[in-house]
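Which chain is which? The protein sequence lines are F and G, in order.
Using our numbering, you'd call the opening residue of the first sequence number 1 and step up by one each time.
Using our numbering, you'd call the opening residue of the second sequence number 125 and step up by one each time.
Please note that a few of the clues may not be correct.
[Said to hold, decoys possible] Quick list of in silico lysine-lysine cross-link-like pairs, DSBU-like style, CA-CA up to 35 Å:
id	chain 1	residue 1	chain 2	residue 2
1	F	K7	G	K130
2	G	K130	G	K166
3	F	K7	F	K63
4	F	K63	F	K26
5	F	K26	F	K7
6	F	K63	G	K130
7	F	K7	G	K166
[Stated by the list, open to error] Chain F is faced by these chain G residues, among others (derived, beta-carbon under 8 Å):
id	residue
8	V158
9	A159
10	S161
11	A172
12	R195
13	F196
14	F198
15	M199
These are calculated hints, taken from the structure and not from any lab test.
Using N, Cα and C, we set each Cβ at its ideal position, and we do this for glycine too.
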Amino acid sequence: MTSTMSKQEVLSSTLAALRANLPELKGVLVATADGLPMAQSMNAGTDANRVAAMAATALGLGKRIGDTVGNGVLTEMSVSGTDGQVFFYAAGRGVLAVVAPAGMNLGLLLMEARDAAANIATVL
Amino acid sequence: MRGPLKLVVSGPVGAGKTTFIRALSETAVIDTDVAPSEDIGKDSTTVAFDYGTLHLDGLPLHLYGTPGQDRFDFMWDILCEGALGLVMLVAGDRPQDFPRARGIFEFVTSRHAVPFIVGVTRQDLPRVWEPEDVADYFRLPYAHVVGLNATDPMDGARTLTRLLELVEPQGHSEERAV
Chain F
1 MTSTMSKQEV
11 LSSTLAALRA
21 NLPELKGVLV
31 ATADGLPMAQ
41 SMNAGTDANR
51 VAAMAATALG
61 LGKRIGDTVG
71 NGVLTEMSVS
81 GTDGQVFFYA
91 AGRGVLAVVA
101 PAGMNLGLLL
111 MEARDAAANI
121 ATVL
Chain G
125 MRGPLKLVVS
135 GPVGAGKTTF
145 IRALSETAVI
155 DTDVAPSEDI
165 GKDSTTVAFD
175 YGTLHLDGLP
185 LHLYGTPGQD
195 RFDFMWDILC
205 EGALGLVMLV
215 AGDRPQDFPR
225 ARGIFEFVTS
235 RHAVPFIVGV
245 TRQDLPRVWE
255 PEDVADYFRL
265 PYAHVVGLNA
275 TDPMDGARTL
285 TRLLELVEPQ
295 GHSEERAV
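Construct the complete structure from the given sequences, taking the supplied hints into account.
Here you go:
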């Protein structure tokens, strides 16, 4: 499927599917490893440019933390608070950010988000 | 006994921040370089920070280098928290970047009252702004601006020494206040 689709189409359709499968999500975004947004579906009130830059920072820092403790290749990094969580996934040369409210079905989220990241990695 | 001093190295893209820290650090530098996705005139860019350590006249120093691109301004703020000095690097052959350097400088100093020095890099090049001219441009006292080659550890040490001379008087008064 992906061979006939442009990068942008794959990114957009992957994010749309993620949103449809997990309607409670507050936002999803794909950024370059240096923090530029490539595709996004964020709820109103969240600055996608800022989240894109922070996703790159989180992944860059996560890689170094992983290196320091011998974690191997970085796959994901998460930030948790009382009202929600953000997951950052390494996706080829990019990063997928998934913003979730508290109380979500995390098993489903992790499975869907990892699949989405793998899908994105095929074109980045 | 005082703990290590935290110093921040900032400045626009391509000013020489990562190079400066690599030249000076006595320990392996922790960096967060990635390949840029747009043309920024070089093949890597910092997305979180660089970190290196050294001793200067027996004094332990921790150097934190910031990203240079404006979209990472939240890191400027985070890294300058608790910093005792700021090295603001600008490339002496890129006056078109001076307004950007001023932007970073104003962003940081409006949030953190931190002693600073401006380092004008690439002094090895034949056509380059002199530190005095850069001081005039930024309307700073000449004592706050030095010229250097970021690849040269001697230059780097000289820059930090000058910064520490500016930090020390304030450091002592802060200690008394505490």
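Hint check:
1. F/K7 / G/K130: This hinted pair is violated, its Cα atoms lying about 43 Å apart.
2. G/K130 / G/K166: 28 Å, holds
3. F/K7 / F/K63: Holds, at about 25 Å.
4. F/K63 / F/K26: Status holds; Cα separation ~25 Å.
5. F/K26 / F/K7: With Cα atoms ~23 Å apart, F/K26 and F/K7 stay inside 35 Å; holds.
6. F/K63 / G/K130: Distance of about 23 Å is within 35 Å: holds.
7. F/K7 / G/K166: With Cα atoms ~25 Å apart, F/K7 and G/K166 stay inside 35 Å; holds.
8. V158: At about 4 Å, which falls below the 8 Å cut-off, the nearest Cβ of chain F leaves the hint on G/V158 intact, so it holds.
9. A159: 7 Å, holds
10. S161: Holds: closest Cβ of chain F sits about 4 Å from G/S161, inside 8 Å.
11. A172: Hint holds; G/A172 Cβ to chain F Cβ min 4 Å, cut 8 Å.
12. R195: 4 Å, holds
13. F196: 5 Å, holds
14. F198: 7 Å, holds
15. M199: 6 Å, holds
When held up to the earlier numbered hints, the structure conflicts with hint 1 and nothing else.
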